[in-house]
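Chemist: With the numbering used here as the guide, the letters of the sequence shown map in order to residues 162 to 408.
Incorrect hints may have been included.
Simulated pairs of lysine-lysine, PhoX-like, Cα-Cα distance not exceeding 25 Å [stated by the list, open to error]:
no., residue 1, residue 2
1, K405, K353
2, K353, K402
3, K353, K268
4, K402, K268
5, K270, K183
6, K270, K405
7, K405, K355
8, K353, K270
9, K212, K239
10, K405, K268
11, K355, K402
Since the hints were derived computationally from the structure, they do not count as laboratory data.
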Amino acid sequence: MKTEVRSDKYMHIFEHLRELRKRLFISLVGYVLFLILAFVVYDYIVDAFIKFYSSIPSGGDNVLFVNSVVEGMTTKIKVSLLMGLTFSLPVHIYNSIAFVFPALEPKQKRYIVVTLICSFVLMLLSTYLSYFKILPVSINFLTNSGFIPSNVGLLLSYETNLFYVLYFVFWSMVAFQLPIVFVLLMAFNVIKRKTALQMSRYIIIVIFALAAIVTPPDVISQVGLALPLVILFFLAILIAKIFKFGE
162 MKTEVRSDKY
172 MHIFEHLREL
182 RKRLFISLVG
192 YVLFLILAFV
202 VYDYIVDAFI
212 KFYSSIPSGG
222 DNVLFVNSVV
232 EGMTTKIKVS
242 LLMGLTFSLP
252 VHIYNSIAFV
262 FPALEPKQKR
272 YIVVTLICSF
282 VLMLLSTYLS
292 YFKILPVSIN
302 FLTNSGFIPS
312 NVGLLLSYET
322 NLFYVLYFVF
332 WSMVAFQLPI
342 VFVLLMAFNV
352 IKRKTALQMS
362 RYIIIVIFAL
372 AAIVTPPDVI
382 SQVGLALPLV
392 ILFFLAILIA
402 KIFKFGE
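Work out the full structure, taking the sequences as your base and the hints as a guide.
Modeler: Here's what the structure looks like:
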């Protein structure tokens with residue numbers, strides 16, 4: 162009898178391992194396919210991320226330059242790897258959910274679905290703010306005649322300044338996921354709502370410090386990213402109060 166129970170247990174483990182291997186394989190194939198796609202449409206990706214530099218008054222027609230014969234190739238590979246991972250994120254998220262979903266309770270499943278929807282909305286919001294609002298103002302501010310004399314031209318590194326834009330958008334997306342993490346911590350009573358309110362002034366300082374790290378070194382972009390995060394922080398507390406989280 163014990164042998165049969167042990168055999169069933171091992172069969173159950175092997176089934177999970179087979180399912181895990183299947184999900185990992187699908188994720189890997191998805192990443193490779195999107196990596197190839199990013200490599201093919203690389204020129205369009207680059208155009209979207211370097212367009213901010215073309216409007217710099219003192220930059221001339223060609224603002225970005227490569228510093229070595231291999232920089233163009235290495236930059237294309239790095240960007241393709243990063244964008245392939247970004248494009249394939251829905252595949253990875255789907256496979257992760259498909260693997261754990263059968264073992265979850267209905268309440269936990271609802272939490273995951275709501276979390277994913279909110280995460281997607283905040284990702285779009287962060288992309289819009291960082292790409293369309295903060296970056297254009299920040300780059301124009303940092304390259305204006307107040308900092309760069311009219312008789313001085315610009316010679317900007319292609320790889321450095323391309324990844325400057327890419328990383329700024331990426332870390333803005335990551336920062337905007339923090340309110341979701343905060344709500345989940347209160348939902349599982351890791352943090353009490355009352356404690357969060359009492360520590361709000363310190364959390365605001367941390368938010369501004371985080372914005373200073375993520376954004377370019379100018380007040381406009383730092384405040385532009387920090388203020389929405391502060392609003393989202395208090396919105397997270399309001400949501401926790403409505404659903405009685407963190408009590």
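Chemist: For every hint, state whether the structure bears it out.
Modeler: Comparing the hints with the structure gives:
With a C-alpha separation of about 10 Å, the suggested pairing of K405 with K353 holds against the 25 Å cut-off. Proposed proximity of K353 and K402 is supported: the alpha carbons are some 11 Å apart, at most 25 Å. Our distance criterion of 25 Å between C-alpha atoms is met by K353 and K268, whose separation comes to about 21 Å. For a cut-off of 25 Å, the pair hint linking K402 to K268 stands: about 18 Å separates their Cα positions.
For a cut-off of 25 Å, the pair hint linking K270 to K183 stands: about 22 Å separates their Cα positions. A C-alpha spacing of about 19 Å is found between K270 and K405, which places the hinted pair at or below 25 Å, so the restraint holds. For the hint linking K405 to K355, the alpha-carbon distance of about 11 Å falls within 25 Å, and the restraint holds. Distance hint between K353 and K270 is fulfilled; the C-alpha atoms sit about 23 Å from each other, no more than 25 Å.
Using a Cα cut-off of 25 Å, the hinted pair K212 and K239 holds, with the two alpha carbons roughly 19 Å apart. At most 25 Å may separate the alpha-carbon atoms for a hinted pair to count; K405 and K268 meet this at roughly 15 Å. With a C-alpha separation of about 10 Å, the suggested pair K355 and K402 falls inside the 25 Å cut-off, and the hint holds.
Comparing the model with each numbered hint stated earlier shows that all of them hold.
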